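S.K.: Each chain is listed here by its residues.
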Amino acid sequence: MREVVIRVENLVKRFGNFVANDHLNFEVYEGEIFGFLGANGAGKTTALRILSGLSSPTGGNVMVAGFDAKRQGEKIKRNIGYMCQRFSLYNDLTVRENITLYGGIYGMSSSLIKQRMDELLRQLEFEEYADRLIGGLPLGLKQKLAFSVAIFHQPRIVFLDEPTGGVDPIARRQFWEQIYAAAARGITVFVTTHYMDEAEYCDRVCIMDQGRIVALGTPAELKEKYNASSIEEVFVSIARPKEKTV
Amino acid sequence: MADKVVIRAEDVGKRYGKLHALRDINLEVNRGEIFGLIGPDGAGKTTLFRLVATLLTPDSGSLTVLGHDVVKQFRTLRKQIGYMPGRFSLYHDLTVEENLNFYATVFGTTVKENYALIADVYSQIEPFRKRLAGKLSGGMKQKLALSCALIHRPALLVLDEPTTGVDAVSRVEFWELLRGLREHGITTVVSTPYMDEAMRCDRVALIQSGQLLSIDTPTAIMEGFTGELYSVQGTENYSLIMALRANPHVHTAHPFGSSVHVTFKTEGYHATLLQYLHEKGIENVTIEPISPGIEDRFLELMEREP
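Taken in order, these protein sequences are the chains called C and A. Anchor point for the first sequence: position 9 equals 9 in the working numbering, and the numbering is continuous, going up by one each time. Anchor point for the second sequence: position 125 equals 1125 in the working numbering, and the numbering is continuous, going up by one each time.
Treat the hints as calculated values from the structure; they're not laboratory data. Just so you know, these numbers come straight off a predicted model, no measurement behind them. Cβ atoms here follow ideal geometry from the backbone N, Cα and C, with glycine treated the same way. A few of these clues could be false.
Calculated Cβ distances over 12 Å to all of chain A for the following chain C residues [said to hold, decoys possible]:
hint	residue
1	96
2	104
3	116
4	132
On the chain C side, residues computed to face chain A include the following (Cβ under 10 Å) [stated by the list, open to error]:
hint	residue
5	33
6	184
7	196
8	201
9	203
10	219
11	235
Sample of chain C residues with no beta-carbon within 12 Å of chain A, all distances over it, derived [as the list claims (entries may be wrong)]:
hint	residue
12	48
13	113
14	125
15	144
16	151
With the rest of the complex left out, here is chain A:
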């Protein structure tokens, strides 16, 4: 297959009764990419992935994956997709090794045949191969699930929130593994509610209420931020935020960890802000211009919604 487009969605829609889970989704995912789908709970990430994995069918539009139509050619397609659902769905009462053998057998292959592909992931849990899957830690379960999703050497890996509920160290390791898989030519689509993980993708799509807000490289998405952003740091966050919101020259004021990210309606007002806060009795405040991160851009796009 010479086509470099692995997933092509044209005007894809999906409804559950009255609820529009997805509307007019248009996107292309290219071969060898790590493509991220970033959005909050209920945005439609899982629905889109289930369509791609042929587990649901779209109500409208056309969706082709690896050159196959997801509705007409789902049988062919399933053999070429590795799907890791959001909820841990391996057999708790089988051991690590038994789960892996089971998935290999279902797809008509053996662990031995594809060991090289899963080695990086599986070697980390192999010392525990006799342990029941139900007794593994969150990070280990996730590595087993990835091993099982890879065991039939899929061309496309679909990972639905693989790092949700996993600790920070395991998250970092997991992303290193995904980069390793890219070297094997595997295309990965991965969803996450964590904005910082977007930076680890080649391209990302931001999704909110079933609609795509933006598709681009993480850097280009950040650069889409309009206006100037300032970080305001004080000692009492609550009074600081309230005072900022009460100021007519302030456009937005969002808490970001220990600081508040602020945009202004009035150009140049940042120079007078400290004076205003001083008059309100708020002291020891610093203000500095900062470059927006992906979360700043996401908030901006979300707020533009009617």
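Chain C extracted, bound-state conformation:
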């Protein structure tokens, strides 16, 4: 059995009377690509903030990379990587400056940063862009770099918050191949998205609705269970009846 790197038991998060996360239970394994799906307002962001050490649970036990989310948020932050769609890299810094900045934030020494930066630029075939401002790069390249920067300090887990939406089919596939490569090296990838077709690329997916987990399994299992040809159909069949009564 693979090692559990995220363990969530009866996670509850309340804001006043509002229950944003209502008794969540799941485990995520080392090297797994875990998709966390739900409509806007389903409670994904709340859970993600807790898992990444930014917010504390109201109840339940949450362990991330061996640390307790209630008491060791700072330790969690140092042992994870994080990338979101809206803000990841500074447009007015160069590629090299962005990498140096993030390496520094995660406490890496200048010599280590330099060494890994050279490796990274070579791997990505980014040498010619090294001294260019991020703002001028095509979206596909930015995204590639943003992911590489998020795992530059070699965290055990990387959280991708709504990472892809709207990029072209080729760039999107290159991005997923990067994710596969990271997972193959043992990094756990935790992806939140409301694009259901992204879910098809995950090892397992968890669907949230109104603060609860309503489905959890491999894409193939869920499609079979709901007799659907895609995760999108699964999602619609789960979430739709409630929508209609609003």
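Using the hints provided, position chain A relative to the given structure of chain C.
M.R.: Using the frame of chain C, we list chain A on its own:
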């Protein structure tokens, strides 16, 4: 107007400085169609829609919409077009109802006069009519924006990525609404980065780097796929893809969800593939022929580019 062509573009080009946003665009959209413009970010979808909506002018070629030239007759034309831009552009600090009344007034009509047309859409958000538009969810904002774009009973509806950032349930509902509008005789041009939405259009144009790759019915576009496509399913995607790419008989290998879509350079090689993977230490793999989807065809067309 007896003409059945609602939009006619002939060699339309648009540049921003050195950047060719659109090159030699030729297309016709027919009355009553739902016409989709499918392509990635930066392909030129928004530019083309802004030309159609008379918000930009073409640098070259000719573009007529509803029989009017987009440059010379933009005033007449604007009254007949309903445009929903990609970014939510209603007034956040007005209520749902106030926004709708505002747009009706601007176009010299009333909500009452055209209520029948917007009823299907608007009735879904009417319970929230006193709510500020800025406080609506993504799906509700989109329905309000559609109501506002329809309130003057346009002959042509131009929707720029109406479903981007909207959840799956709202996307399905939105497409049902568009089909309803077709019954009212409204022509719709709609852009989307989602390949699966292409299937919901009567005809689609695939666009990439400012050029049209193909215009046809979704089915005909898929049938344009050349060669035979196989779906290869394994347990470790990364090693599987790497092994496939390393094989000289493999032409393309693209991840598609949990499987990999593969085409071969060598005819008949699919029969030997599992043996090859076995030799590479990759087990538990299945291979089956599949019919290509629109995304397969899109990838094929994109890769043909120099």
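S.K.: Hints first: check each against the structure and report whether it holds.
M.R.: Hint check:
Residue placement check: residue 96/C keeps its beta carbon more than 12 Å from all beta carbons of chain A (closest about 25 Å). Every CB of chain A lies more than 12 Å from the CB of residue 104/C, the least distance being 30 Å, so the non-interface label holds. The non-interface label for residue 116/C is consistent with chain A: the shortest C-beta to C-beta separation is roughly 21 Å, beyond 12 Å. No beta-carbon of chain A comes within 12 Å of the beta-carbon of residue 132/C; the shortest separation is about 17 Å.
Given hint, residue 33/C at the interface with chain A, holds; its Cβ is 9 Å from that chain's nearest Cβ, closer than 10 Å. For residue 184/C, the suggested interface contact is upheld, since its CB lies about 4 Å from the closest CB of chain A, less than 10 Å. The beta carbon of residue 196/C comes within 5 Å of a beta carbon in chain A, closer than 10 Å, and the hint placing it at the interface holds. Annotation: interface hint on residue 201/C holds; nearest CB of chain A at approximately 6 Å, less than 10 Å.
Hint status for residue 203/C: holds, given a least beta-carbon distance of 8 Å to chain A, under 10 Å. The criterion of a C-beta within 10 Å of any C-beta in chain A is met by residue 219/C, whose closest approach is roughly 6 Å, and the hint holds. At a threshold of 10 Å, the smallest CB-CB gap from residue 235/C to chain A is about 5 Å, leaving the interface hint in force. Annotated as non-interface, residue 48/C keeps its C-beta farther than 12 Å from every C-beta of chain A; the closest such distance is 17 Å.
Interface exclusion of residue 113/C from chain A stands, the closest Cβ pair being 27 Å apart, more than 12 Å. Here residue 125/C stays apart from chain A, with its beta-carbon at least about 16 Å from theirs, past the 12 Å limit. At the 12 Å boundary, the C-beta of residue 144/C stays outside the reach of chain A, the nearest C-beta of that chain being 15 Å off. Listed as a non-interface residue, residue 151/C keeps its Cβ farther than 12 Å from every Cβ of chain A; the least gap is roughly 15 Å.
Violation of the numbered hints given earlier is absent; every hint is satisfied by the structure.
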